[in-house]
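Chemist: These protein sequence lines are chains A and B, in that order.
If you're matching positions, the first sequence starts at 1 in the numbering used here and goes up one per residue.
If you're matching positions, the second sequence starts at 351 in the numbering used here and goes up one per residue.
Honestly, the hints are just simulated from the structure, not real lab data.
Don't take every hint at face value.
[Claimed, not checked] Computed cross-link-like contacts, DSBU-like style, restricted to lysine-lysine with a CA-CA straight-line distance of at most 35 Å:
{"#": "1", "chain 1": "B", "residue 1": "LYS624", "chain 2": "A", "residue 2": "LYS137"}
{"#": "2", "chain 1": "B", "residue 1": "LYS365", "chain 2": "A", "residue 2": "LYS73"}
{"#": "3", "chain 1": "B", "residue 1": "LYS438", "chain 2": "A", "residue 2": "LYS110"}
{"#": "4", "chain 1": "A", "residue 1": "LYS308", "chain 2": "B", "residue 2": "LYS580"}
Here the structure is a predicted model, which means the values were calculated and not measured.
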Amino acid sequence: MRTLKLKKGNLDTFLAKISELGELWGPRKKGEVYIYDRIDDLRDLVKEPVITFLPIKKLFLPPRFQMLHYDGKIYEENINQFEQRIVYGVPPCEIHSLLIFDKLFGLKYKDPYYFKRREKTIIIALSCTPSSACLCKSARTHVIEEGFDLAITDLNDFYLVWVGTSKGDDLIRAAPELFDKNVTQEDIQKFIKWREVRDGKFKKSIDFVTMPDLMDLNYNSHIWKEFAEKCLSCGACSMVCPTCNCYDVIDEIELGDNSVNRERFWDSCMFKEYSMVAGGHNFREAKAERLKLWYTHKLKSFTDAYKKYSCVGCGRCVITCPVDINILSVVEALLTGKVDKDSLLTEKGK
Amino acid sequence: MTNPYFPEPARIVRKYELTKDVRFFQVRFIDTERALSFDYKPGQFMMFSIPGTGEAPFSISSTPSRPGLLEFCIRKTGRLTEALFRLKENDEIGIRGPYGNGFPIDAMNGFDLFIIIGGLGAAPLRSLILYSLDNREQFGRVHLLYGAKTPADMLFREEFLELIDREDVECLLTVDKDNSGKWPCYTGLVTSLFNRIEDIKPENTYACVCGPPIMYKFVLNELVKLNIPKHQILMTLERRMKCGIGKCGHCAIEDIYTCMDGPVFTYWDVLHMKELI
Chain A
1 MRTLKLKKGN
11 LDTFLAKISE
21 LGELWGPRKK
31 GEVYIYDRID
41 DLRDLVKEPV
51 ITFLPIKKLF
61 LPPRFQMLHY
71 DGKIYEENIN
81 QFEQRIVYGV
91 PPCEIHSLLI
101 FDKLFGLKYK
111 DPYYFKRREK
121 TIIIALSCTP
131 SSACLCKSAR
141 THVIEEGFDL
151 AITDLNDFYL
161 VWVGTSKGDD
171 LIRAAPELFD
181 KNVTQEDIQK
191 FIKWREVRDG
201 KFKKSIDFVT
211 MPDLMDLNYN
221 SHIWKEFAEK
231 CLSCGACSMV
241 CPTCNCYDVI
251 DEIELGDNSV
261 NRERFWDSCM
271 FKEYSMVAGG
281 HNFREAKAER
291 LKLWYTHKLK
301 SFTDAYKKYS
311 CVGCGRCVIT
321 CPVDINILSV
331 VEALLTGKVD
341 KDSLLTEKGK
Chain B
351 MTNPYFPEPA
361 RIVRKYELTK
371 DVRFFQVRFI
381 DTERALSFDY
391 KPGQFMMFSI
401 PGTGEAPFSI
411 SSTPSRPGLL
421 EFCIRKTGRL
431 TEALFRLKEN
441 DEIGIRGPYG
451 NGFPIDAMNG
461 FDLFIIIGGL
471 GAAPLRSLIL
481 YSLDNREQFG
491 RVHLLYGAKT
501 PADMLFREEF
511 LELIDREDVE
521 CLLTVDKDNS
531 GKWPCYTGLV
541 TSLFNRIEDI
551 KPENTYACVC
561 GPPIMYKFVL
571 NELVKLNIPK
581 HQILMTLERR
591 MKCGIGKCGH
601 CAIEDIYTCM
611 DGPVFTYWDV
621 LHMKELI
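Work the whole structure out from these sequences, hints included.
Modeler: Here it is as structure tokens:
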């Protein structure tokens, strides 16, 4: 992979230049949290790495969107209207979540809503240093080799820029004068040092490869019932998880012309109706069963398209769950057979 | 990029009552070429789309050996089936598919078939029965055991009664209760018919089961006692589905999707994945 250097002061110039090639998106502060949003004013863009409230999946599968329109005679789709986008500031863990989605939404039947947006989106990844809830090193998602067009590592004196794809190369070509091709031995040493510093900052770790066995062994464990007693079934874990893909579909009838919009929106296996079939039979009536499915996917195995565990270690469930049911507290319970009743098992991180 | 969520226009050709709450639907793609070339496997399903109501999966009850028309037997249980029941012959609906793995027809070649149906389980298994009768040389002996609550609850009753006289299939029908006194076949649970089948060669038999959840426990037990290998005991299952193509997540059981890896599973799958039945 080609590597270049970008001077610190040149990032803004570069972003301004490439925003002529497509809509610029990236993290922006909104109230207390960061969100991925369209950036009209570069001063709104958060250039440092952050963990946004909702993950990058919202750009590829919005929380709610129209799949089909029925005008009374025929169905119509509108999947050819997406604007070209350039997203800045996607952390490595979320690049991995997109690689999982590429497999899931591409297996056998290609999901056009996902892939059309994917095709129209250029991704600039941004290496980060971990916050207290981050588990990407454990999940092996702190390093990226594919799934981005450009990747930027902030080495204090300058940015190291990795060119991942031909589209990424096009961005460089928009302002080649800003880049220095000469990566010196000294620069390499700076990168190695940065990596060591980052790797030393992780506060928590999970031995992910040992978890599938523990999920099997704990299948009938009381821990699931104990977690279920705390769980509010709010589904927040699914909304913030970068690898939760589930959705529901509903037909909305337009008043007046009786045309129909078939809408797709985020769903969660934590909701009671999730596994209910016509006639009222529910295959996962108990909260404990629903929690178990969620953690089977995150810790053991996630669908045919992606046999491995799907947790990418972003830490959002740790930050978000109001009753501290998260990847850390569940792993702790799987290891010890005990659920921490006092809730605040894990320190809150931002 | 083709859109796999796009329903194809089809027409309800025939619709009539099978039982009080179950209707038979004959459906045909409006495009003639599509209707005639459409291929599928017994055990697969289609998604029905009714604009304004939504989509739901239904097992195909017809056989690919009789192309042109697709048949379904559908019980009124929810919003979509209510809307479907209101439609009339010649009305248009959207369909897409076929989805799911279906029965492993190629692997079953040369084997005896031991088909066990409870109640509505006839919907997917009728496809396999008709397929095996149309391709009789592909299979060894064919046994069909069907149990329903009452004669009135038996789906395709006349069709199955006619099979009793045929020499190339052994068809045993039973009902839990017969108030009419006119039922010409057996009374009792479907498992009570097992000992009427002689000389089962377990190694050379595929058992195919579909029925209400309660039935599986008893039937599977009996089949294991007969020494039919676990991977030759097949069953077809039901789950909530929104897409049918492995994306929406609703039919997930551990790390598999019923719509892609099922709905036909083996008894080994059931033992392996605890949430299957």
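Chemist: Each hint should be assessed against the structure and marked as holding or not.
Modeler: Verification of the hints:
| no. | hint | verdict |
| --- | --- | --- |
| 1 | LYS624/B <-> LYS137/A | 32 Å, holds |
| 2 | LYS365/B <-> LYS73/A | 22 Å, holds |
| 3 | LYS438/B <-> LYS110/A | 34 Å, holds |
| 4 | LYS308/A <-> LYS580/B | 27 Å, holds |
Violated hints are absent here; each numbered hint is respected by the structure.
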